[in-house]
Amino acid sequence: MEALKQELKSKIIEVLNLEDINIEDVNDDDPLFGDGLGLDSIDALELIVMLDKDYGIKLVDPKEGKDIFQSIETMGAYITANRTK
Amino acid sequence: MTKEVFITQTNCITPIGFDVATNMKNIDGGVSGIQLHQNTGLMKESFYASQIDDENLNTAFAKVTAATGFSRLEKMMILALDPIIKKANLVLDDRTAFVLSTTKGNITALQNSAIEDNTNAYLHQFAQNIADYFKFKTEPIVISNACVSGVLAISVAKRLIESGMYDDVFIVAGDEISEFVLSGFNSFQAMSNLPCKPYSKNRTGVTLGEAAAAVLVSSNKEGVKVKIIGDGSINDANHISGPSRTGEGLFRSIKSALIEANIEAAAIDYISAHGTATPFNDEMEAIAFNRLQLEKAPVNSLKGYYGHTLGASGLLETVIGIQSVLENKLLATMGFDELGVSQDINVIKENGTKNSRYFLKTASGFGGCNTAVLFEKIN
Amino acid sequence: MANKTYIQSFCTIEENQIKVNGKILFEKEQSLFSDFSKSVYQHFNIDYPKFFKMDNLSKLAFLATELLLEKTENEEQENNTALVFSNKSSSLDTDTKYQSSITDKGSYYPSPAVFVYTLPNICLGEISIRHQLKSENSFFVFAQFNPLFMMNYANILLEKNKATSVLCGWVEYFDEEYKTLLYLVGAEGELEHSEESIKKLYK
Chain U
1 MEALKQELKS KIIEVLNLED INIEDVNDDD PLFGDGLGLD SIDALELIVM LDKDYGIKLV
61 DPKEGKDIFQ SIETMGAYIT ANRTK
Chain G
1001 MTKEVFITQT NCITPIGFDV ATNMKNIDGG VSGIQLHQNT GLMKESFYAS QIDDENLNTA
1061 FAKVTAATGF SRLEKMMILA LDPIIKKANL VLDDRTAFVL STTKGNITAL QNSAIEDNTN
1121 AYLHQFAQNI ADYFKFKTEP IVISNACVSG VLAISVAKRL IESGMYDDVF IVAGDEISEF
1181 VLSGFNSFQA MSNLPCKPYS KNRTGVTLGE AAAAVLVSSN KEGVKVKIIG DGSINDANHI
1241 SGPSRTGEGL FRSIKSALIE ANIEAAAIDY ISAHGTATPF NDEMEAIAFN RLQLEKAPVN
1301 SLKGYYGHTL GASGLLETVI GIQSVLENKL LATMGFDELG VSQDINVIKE NGTKNSRYFL
1361 KTASGFGGCN TAVLFEKIN
Chain Z
2001 MANKTYIQSF CTIEENQIKV NGKILFEKEQ SLFSDFSKSV YQHFNIDYPK FFKMDNLSKL
2061 AFLATELLLE KTENEEQENN TALVFSNKSS SLDTDTKYQS SITDKGSYYP SPAVFVYTLP
2121 NICLGEISIR HQLKSENSFF VFAQFNPLFM MNYANILLEK NKATSVLCGW VEYFDEEYKT
2181 LLYLVGAEGE LEHSEESIKK LYK
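Sequence lines, in order, name chains U, G and Z. The first sequence stops at residue 85 when you use the working numbering, and every number in between is there. The second sequence stops at residue 1379 when you use the working numbering, and every number in between is there. The third sequence stops at residue 2203 when you use the working numbering, and every number in between is there.
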């Protein structure tokens, strides 16, 4: 889980082009949207693609993303429970 | 005193007809171009779309010309322009402009050819192919402003005539269904799993479509259908993919058109809106219309008949809107059931009659763009 | 007869060099556009993380605009500067990138963050957001820069009170080849807004 969370941090920074943010800056419980990393709706869609591409998880209802993408912690837990690759 | 500008010729090529009269007859009969398609070349899963039948297109094209080497979309656009250029019978000289509006043009050229040979994917080349066919003397003007392109083209044509640069402007607008566009809208989770339901409670997104439309915008009043009396094309300055929650850009675009036309919002008899059936777009439009006290004005979206035809939609819906106003008709919003926006708007549910004088066309799109154009019927 | 209009300022970016009103403000040795644009961002102390999410066309338009338009100090203060941009390649650079993400059916993962930039007018949206320009905007495509068209279109916007100034020009990017000329047109100034002077700026 710890390794997965580190992996997620570096992937998010890379995929979403968060130029000025380092892995150490992101805490497991930081909110990803709003005040935290300041991600927006296009980023959320991009994270859905990432779940599919890297972990073989297809979100049927994009609204589910709201709970899953709260923080690195919640993403990690969801991926661990549902990953197919 | 600014010059008066008119629309004097119209035409459209759609899955439900290759001229305006056939389109009107089919809309009147509740016929939609939207069907379920199974075409793995376009998308893995089956999808709803409003597509033009290749065989019909090729047959119609062969009747007009024996020329070959045109792409599918070029054929659609030539067919849209051909009758109005013939009817107008103008000398195509340096006072006649050719405006082409499209969102993606020949984007399919990218999948068919090596990256080094992408000439036909260039929009100016695409426009030149059509300009050469009709022997326009002036360089084509291409407008590529996302989903407002088609209606923005009318505004641009009017401004070019007002500026004294041209006397007549032929506009053609078109877009086709492609894997490129389908996959993109799908990645945005913006596609409806049923034929789209504009302004409805259970709407889930867009249905894509393809079409071409053409008009002649002229300073010459002869054969006038409508006069173009005001326009505006103002950005939300809010988000590149989502509309403003307050409808700011659309509100300001309509306001700009009203000020120019020197009429009150209350004078608007009919609105042909964008109505893509995404949750955010329709909600945004309802808010903008309410901010202008336009909630009582009859409004429709034609997306239920044609799907979202991207850069063509604004011009296609203007062509059909003009015809309905000339025939004193109000056309139903196909797919609409129960109002599903937070503000009241007067969605046209069934075909009806009304003698409309002032008609507003609006559109909004990616990049935060919005366009509004006001027309007046003059007898 | 319409009032006279003037070119108030202008900016060119090409071949790793930025000029504003004819003066070189920044240069870099031969480099990729991604490195060049990042250096410009850092050199002018721009603080706008969204910049790194933009495609190349938007980055180019954004940087040129950044050097021409004053920051709106006060959010309440309305800036009615219209945007009228044009180019040759539309969004083809990003279109090609997006197309390659859907061509291979074995790794078919269309990216919404790439798709959104497959429209040339997105750069107008980015600039409108940055400078809070709730104003007229349009994007045109020509085989080459068309000074006469640009001049007439900018003038009619001013004449009909659709805008108080117009930022217009050429923003072209395809596969590491780029060139931009943006210039601000308004009712006051010294350099006459004529086809000849626009041609001279573009060279």
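Quick caveat, the hints were computed from the structure, so don't treat them as lab data. It is possible that part of the hints are untrue.
[As the list claims (entries may be wrong)] Among the chain G residues that face chain Z by a calculated CB cut under 7 Å, a handful are: (1) 1038; (2) 1041; (3) 1043; (4) 1045; (5) 1109; (6) 1110; (7) 1144; (8) 1159; (9) 1366.
[What the hints assert, rightly or not] Listing some non-contacts, in silico: residues in chain Z with all C-beta distances to chain U over 12 Å: (10) 2041; (11) 2047; (12) 2049; (13) 2054; (14) 2068; (15) 2101; (16) 2107; (17) 2111; (18) 2147; (19) 2192; (20) 2197; (21) 2203.
Remember, it's a predicted structure, so these values are computed and weren't measured experimentally. Beta carbons are placed, not taken as given, at the ideal position from N, Cα and C, and that holds for glycine.
Each hint tested on the structure:
| no. | hint | result |
| --- | --- | --- |
| 1 | 1038 | violated, 16 Å |
| 2 | 1041 | violated, 10 Å |
| 3 | 1043 | violated, 10 Å |
| 4 | 1045 | violated, 12 Å |
| 5 | 1109 | violated, 10 Å |
| 6 | 1110 | holds, 4 Å |
| 7 | 1144 | holds, 5 Å |
| 8 | 1159 | holds, 5 Å |
| 9 | 1366 | holds, 6 Å |
| 10 | 2041 | violated, 9 Å |
| 11 | 2047 | violated, 9 Å |
| 12 | 2049 | violated, 6 Å |
| 13 | 2054 | violated, 9 Å |
| 14 | 2068 | holds, 23 Å |
| 15 | 2101 | violated, 10 Å |
| 16 | 2107 | violated, 8 Å |
| 17 | 2111 | violated, 6 Å |
| 18 | 2147 | holds, 35 Å |
| 19 | 2192 | holds, 42 Å |
| 20 | 2197 | holds, 38 Å |
| 21 | 2203 | holds, 33 Å |
Checked against the numbered hints given earlier, this structure breaks hints 1, 2, 3, 4, 5, 10, 11, 12, 13, 15, 16 and 17; the rest are met.
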